[in-house]
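Colleague: Same order as they appear, the protein sequences are chains A and B. So that you can map any letter, position 131 of the first sequence is 131 in our numbering, and since no number is skipped, the others follow by simple counting. So that you can map any letter, position 143 of the second sequence is 1143 in our numbering, and since no number is skipped, the others follow by simple counting.
Hints should not be assumed to be uniformly reliable.
[As the list claims (entries may be wrong)] In silico lysine to any residue, SDA-like type, Cα no more than 25 Å apart, as pairs:
hint, chain 1, residue 1, chain 2, residue 2
1, B, Lys1031, B, Ala1123
2, B, Lys1074, A, Val160
3, B, Lys1074, A, Gly247
4, B, Lys1055, A, Trp155
5, B, Lys1075, A, Gly247
6, B, Lys1074, A, Arg250
7, B, Lys1075, A, Ala254
8, B, Lys1074, A, Gly157
9, B, Lys1074, A, Val223
10, B, Lys1075, A, Val226
11, B, Lys1055, A, Ala154
12, B, Lys1055, A, Thr251
13, B, Lys1074, A, Pro222
14, B, Lys1055, B, Lys1075
15, B, Lys1055, A, Tyr151
16, B, Lys1031, B, Ile1079
17, B, Lys1031, B, Glu1160
18, B, Lys1074, B, Gly1030
19, B, Lys1031, B, Cys1250
20, B, Lys1075, A, Gly158
21, B, Lys1074, A, Thr251
Keep in mind that the hints were calculated from the coordinates and are not lab data. What you are looking at is a predicted structure, and each value in this text was computed from that prediction instead of being measured.
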Amino acid sequence: MTTRSEMKTDVASLSHARARQSRREGRLVLALLGALVLVAALSLAVGAYSLSVPDLLRTLTGQGTQSENFIVLSLRLPRLTLAVLVGVAFAISGALFQTVLRNPLASPDIIGVTGGASAAAVFGMLILGFGSVATSLAACAGASIVACAIYLLAWRGGVVGYRFVLIGVGVAFMVQGLLGYLLSRADLNDAQGALLWLVGSVSGAGWRDIALVAVVLLALLPVIRVLSGRLRVLQLGDDLATSLGVGAERTRLALLVVAVALAASATAAVGPLAFVAFVAAPIARRLLGTGGLALIPAALIGALITTVADFTAQHLLPGQLELPAGIITGAIGAPYLLWLLATSNTTGKGA
Amino acid sequence: MTHLLRAENVSLGYDHTPIIENLDLEIVPGKVTVIVGANASGKSTLLKGLARLLKPDTGQVTLDGRNIAALPAKKVATIVGLLPQQPIAPDGITVADLISRGRYPHHGWFRQWSSTDDAIVAAAMAATNTHELAARRLEDLSGGQRQRVWIAMALAQDPEILLLDEPTTFLDVTHQIEVLDLLLERNRERGTTVVMVLHDLNLAARYADHLVVMCAGRIVANGTPAETLNADTVRTAFDLDATIVSDPVCGAPMVVPIGRFHGRVPPVLTEAEPPLLFSVSTS
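Okay, chain A solo, but in the shape it has when bound (with noise of 0.2 Å):
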């Protein structure tokens, strides 16, 4: 029997554990934000003109000279939101695939969901001779008709990650056959243009792409809140998701719906950058170290990589070199995944 002191201090020692690990979570956001708002206004004020910082406020508060106004405003600054938005939803879709899969694997540059979104909307540009926007429509249909694939491929009367994220790696590989066969169909300068999109890009941001990405967001961004509680449980596994109220096939499916939508809108403005989605969640929860869901840092990690990225493609790579940013997620996410493969699954445990 425990008396009303100890139970007390009982309260008192939760409520403690608690605020310390929210404070961590805390401190984490806003070293991530810190880091954000630094290589923002490293991307903003760097390039072939670079500007001061004092230049560079100026500039922000509209007080800019029309030069600076152009370059920063017009230029630097979409392509900054762009790779922002995009890292965010390319990383929250990749935490949610993880967590609902529970497989580190299962994010969607790996079971072939934003390799559904490219080879429809280079299917688009190459054969049917689309626009930009047709092509980002191609893309997130692409996205959603692999995805519903892997879905009912995967049901057995429900989803179990492993079938899931197998059958999309699978999955996966059809597509990538199929890319190679339109590619190597086409002509060669369509061939090329296509080529560029498939690295994922940036550069060229336009605000038309800005918005697509900032309505799927604003949109989702509610129903993952309010859907978090429920991912929460869903994390101790179907029986105890069940036995706590959660319908679990129910809540995956909405769950995987939002992953899949970001996914595809994220794809269908920037092409399939490389690998974001798949290291951001993990990165995230290994700074934060606490096991909860860390969607909010993940989706910083997500943007950190993303502008991160893009940055050094345009500007630290030596000779003049400026590359797409899907080469330098993808060189930072390939030895992730090889790490991962030789590492753990040895128990076949996932995220």
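Go by the hints and put chain B onto chain A.
Modeller: Chain B only, in chain A's frame:
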């Protein structure tokens, strides 16, 4: 208020392979019911059916006379809770976080985390002696500690009917008794109805008010341990010859298995094949 959980003519199975057919069972409110039976006798399947993790192919599970599948899931979760045999947890989760997640069914649009939740979680931790582990990670704990944390989570859910699937598996005897004592304490102090699957017949007989003995998807005996546990039921359900004696600690029936070598008449070993005591490899 006491709630009545009943299985009415239910058939349960996986992928249309029936495990249990046309089974009726009424869980006695406020008591400890223990389900025993040989492997693959349908114990866990029955528990899953009662906890609506498995949809009956025929029949229904009712809570207070209403089909449990038709009731709001969260509402049911405040009354019936199940702790699975091997629950899973996300990497790095802390004990306090895990136990707190048991409060989920009590929250909603207008009812967020409050000091009541804190008090209930703290009480669950005190009852299971896990309060000192609050800030630890689950994966750093021993098996016994981990099981107490999971039970604390189930207690934080605060269901009136608590179902547990083999809560003592993988625990040494000390921790088995510890876990069973704390469940019995919950039952005696709070009137929580406890339904659990146990493998150890003697612990089942000692802790159960009601014993449900299952064999091949059917209930072969249902009643107090004294009524149900005798040499015949043990032979029927487990295909085992046993002597029943009185547990010197509490007087409950105690099953003493006989086996092939320890009966009063030892088995005759055939001379053609003498028992192999050890072999020496010569290669």
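Colleague: Any hints from earlier that this structure breaks? Give me their numbers in increasing order, please.
Modeller: none
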